[in-house]
Amino acid sequence: MTHEDVSIEELAERAYRAREHILAMGATEHGTHVGGSLSAVDILTVLYGSVLRVRPDEPRWPGRDWFVLSKGHAAAALYAVLAEHGYFPPEECRTYGQRHSRLAGHPLRRLPGVEFPTGSLGHGLSLAGGVALAASRTGRDNRAFVLLGDGELQEGSNWEAIMSAAHLGLGNLTAVVDRNGWQISGRTEESVGLEPLADRWRSFGWSVAEVDGHDLAALRALFGALPRTPGRPTVVIAKTVKGRGVPLFEDRKKSHYVRLTPRLHERATAGLRARRRNQT
Amino acid sequence: MTATEESVPSGSDWAELYTGSARDAHRRTLLELARADDRIFCVDSDTGGFEDGFAAELPAQYANVGIAEANLFGMSAGLAASGLIPFAHTMSTFATTRACEQLKLDVAGNNLPVKVVATHGGLSAGHYGPSHHALQDLAIVRTLPHLTVLVPADAGETALAVRAAAHHPGPVYIRLGRNATPRVYQEPYDFTIGASVQLGDGDDLLVVATGALPVHYALTARDVLAERGVSARVVNMHTIKPLDRAPLLRAARETAGIVTVEDHLVVGGLGGAVSEVVASEHPCRVRRVGVEDRYLDTVGDERDLLEDGGVTVDRVVTEALTLLKPTRTDAYSARPDAYEPRADHHNTRRR
Chain A
1 MTHEDVSIEE
11 LAERAYRARE
21 HILAMGATEH
31 GTHVGGSLSA
41 VDILTVLYGS
51 VLRVRPDEPR
61 WPGRDWFVLS
71 KGHAAAALYA
81 VLAEHGYFPP
91 EECRTYGQRH
101 SRLAGHPLRR
111 LPGVEFPTGS
121 LGHGLSLAGG
131 VALAASRTGR
141 DNRAFVLLGD
151 GELQEGSNWE
161 AIMSAAHLGL
171 GNLTAVVDRN
181 GWQISGRTEE
191 SVGLEPLADR
201 WRSFGWSVAE
211 VDGHDLAALR
221 ALFGALPRTP
231 GRPTVVIAKT
241 VKGRGVPLFE
251 DRKKSHYVRL
261 TPRLHERATA
271 GLRARRRNQT
Chain B
1 MTATEESVPS
11 GSDWAELYTG
21 SARDAHRRTL
31 LELARADDRI
41 FCVDSDTGGF
51 EDGFAAELPA
61 QYANVGIAEA
71 NLFGMSAGLA
81 ASGLIPFAHT
91 MSTFATTRAC
101 EQLKLDVAGN
111 NLPVKVVATH
121 GGLSAGHYGP
131 SHHALQDLAI
141 VRTLPHLTVL
151 VPADAGETAL
161 AVRAAAHHPG
171 PVYIRLGRNA
181 TPRVYQEPYD
191 FTIGASVQLG
201 DGDDLLVVAT
211 GALPVHYALT
221 ARDVLAERGV
231 SARVVNMHTI
241 KPLDRAPLLR
251 AARETAGIVT
261 VEDHLVVGGL
271 GGAVSEVVAS
281 EHPCRVRRVG
291 VEDRYLDTVG
301 DERDLLEDGG
311 VTVDRVVTEA
321 LTLLKPTRTD
331 AYSARPDAYE
341 PRADHHNTRR
351 R
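For the record, the sequence lines run as chains A and B.
If you read the first sequence in full-length UniProt numbering, its first letter stands for residue 1, the second for the next number, and so on.
If you read the second sequence in full-length UniProt numbering, its first letter stands for residue 1, the second for the next number, and so on.
Extracted from the complex, chain A is given alone in its bound form (with noise of 0.2 Å):
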């Protein structure tokens, strides 16, 4: 699959239709990760619509990149993403958390487009590396991204796959850090704070790019210049906002997890509409 001819426009649509599934699944009988999901989906949309080589028709295709959702409760995000892709059809959306759906709260593997399955935090990198490691001692291309959680980062078994990654010189790993500065009791700065984020990576060997998690161009020129060093890997530390798009749910930190009612996702969903409106 080519990415070259995805245009922007059409990433920003993508990116929008994905916010609609996440509304509708936070709209279903136990609702789900609305904030940390809407931080994350202009990413992905980024990561899957031009950045990833993947076969959504042939998901475990052996020359694919491998993308790691580590966050694992910012499901819907892949989940409406991975839909928008072609993975499954986006109606399937409805589905999640209901009995039989593949769709669970966090991510399975049985979901084609799931590597992982993910929800408790801390094991994304790790995993991701083991996968770069693979791919560059049988001298294979295979790329691994991993998305990270900010709050996430706070589980200490991420430093030891930070260490090691850059120790082993994995150049074919990329880890995003969703850095939208929210953990459920609170902003991440006055739970266990984590800045000097972008030093704290530095000072561990890899390289490091700071980006606005919502600006999908400047998300694509920076995964398109993979790896930034040689023999580095690489960390994208994208500020995002907390429930990005839905003007409701924007930078709140009752945004963490939400069940809409039905009033509430028509409010939140004429909201995403106006948004648009008034960004086009």
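Keep in mind that the hints were calculated from the coordinates and are not lab data.
Treat the hints with care, since some could be wrong.
Said to hold, decoys possible - Facing chain A, from chain B, some residues (calculated, C-beta under 10 Å):
no., residue
1, Gln-61
2, Ala-68
3, Ser-76
4, Thr-143
Said to hold, decoys possible - Quick list of simulated restraints, FRET-style, between CB atoms:
no., chain 1, residue 1, chain 2, residue 2, range
5, B, His-167, A, Ala-218, 45 to 53 Å
6, B, Ala-60, A, Asp-212, 37 to 45 Å
7, A, Pro-230, B, His-167, 33 to 41 Å
8, B, His-146, A, Ala-221, 25 to 33 Å
9, B, Thr-318, A, Phe-204, 53 to 61 Å
10, A, Glu-266, B, His-167, 54 to 62 Å
11, B, Glu-281, A, Glu-266, 44 to 52 Å
12, B, His-167, A, Thr-261, 51 to 59 Å
13, B, Asp-52, A, Phe-204, 24 to 32 Å
Said to hold, decoys possible - Footprint (simulated), chain B over chain A, 3 or more residues, beta carbon under 8 Å:
no., segment
14, 132 to 145
15, 159 to 165
16, 222 to 233
On a predicted model such as this, the values are computed, not experimentally measured, just so you know.
Glycine included, C-beta positions come from ideal geometry on N, C-alpha and C.
Dock chain B against the given chain A, drawing on the hints supplied.
Then chain B, alone, in the frame of chain A:
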């Protein structure tokens, strides 16, 4: 070609090679396997002993991921998902009580062919102190889906188990001791995952053991019992999961009961597994010799601490003899009027 047909030496070569520790036998075997199959990958977490051997000879098939057990299992799962056969090395206690979640989700949950080589099993690192005791690991790994659990009884059997694990399509937990232990096997045999090995026949009871010293203790206890006119059959249960049920149920039907012997807590390990099987299929008496439920903070080597925990030859003998004594229930059943009062007893209770 089966695992054992490859390059297992026979006869005196075997005796020469596999006198010593399970760890040495494993390292030698892994290097042989990796030379022949470049999918075999050695993932180290600073356990020591691979630098001059494996890493020097096959650097492309080796990585040290640091003193970082969670990362060890995560990366091993990534390697396995990419088509390699990683052997992930750490101590039993860190494999299970430190990085349990990665073992549960990333390795076992995904049914990926990661081979966990867990050294210093049980009290084999006794002198290191309680931080290095692994007395819960079998209880933990027994509950993880897809995971096969192997506990070889000597260095030679370790070589066979490692080969079998390499060829097994799923994840395997291989529990090894730290020290040189007595040789159980004088020559290689057809090691099969899930098929226990009977090491001696007897009619009175079954002693089933797992791991190096427990199997050694069981064999010694059999000799002691024989001197007292008791004939015990002995089984080396080298696979804890899937557990070989047939010899257990046979013993439940044919003998006075089963004594289990293990270098593990009496809860959740071999004794627990055996009890579960007979309780549901053919109830019989099970006496469990293992470390009692307490925190061992005494000082000593492996055998000393096993003794402090309650695992000795004498203890195996005592428990075996206990099985042969009539129980209160037996005595009750033996009364001529046993059946009548029993029925009354039930009626009385109901009233």
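Evaluated hints:
{"no.": "1", "hint": "Gln-61", "result": "7 Å, holds"}
{"no.": "2", "hint": "Ala-68", "result": "3 Å, holds"}
{"no.": "3", "hint": "Ser-76", "result": "6 Å, holds"}
{"no.": "4", "hint": "Thr-143", "result": "17 Å, violated"}
{"no.": "5", "hint": "His-167(B) with Ala-218(A): 45 to 53 Å", "result": "49 Å, holds"}
{"no.": "6", "hint": "Ala-60(B) with Asp-212(A): 37 to 45 Å", "result": "40 Å, holds"}
{"no.": "7", "hint": "Pro-230(A) with His-167(B): 33 to 41 Å", "result": "38 Å, holds"}
{"no.": "8", "hint": "His-146(B) with Ala-221(A): 25 to 33 Å", "result": "43 Å, violated"}
{"no.": "9", "hint": "Thr-318(B) with Phe-204(A): 53 to 61 Å", "result": "57 Å, holds"}
{"no.": "10", "hint": "Glu-266(A) with His-167(B): 54 to 62 Å", "result": "58 Å, holds"}
{"no.": "11", "hint": "Glu-281(B) with Glu-266(A): 44 to 52 Å", "result": "59 Å, violated"}
{"no.": "12", "hint": "His-167(B) with Thr-261(A): 51 to 59 Å", "result": "56 Å, holds"}
{"no.": "13", "hint": "Asp-52(B) with Phe-204(A): 24 to 32 Å", "result": "29 Å, holds"}
{"no.": "14", "hint": "132 to 145", "result": "holds (count 8)"}
{"no.": "15", "hint": "159 to 165", "result": "holds (count 4)"}
{"no.": "16", "hint": "222 to 233", "result": "violated (count 0)"}
In summary, the numbered hints that this structure violates are 4, 8, 11 and 16.
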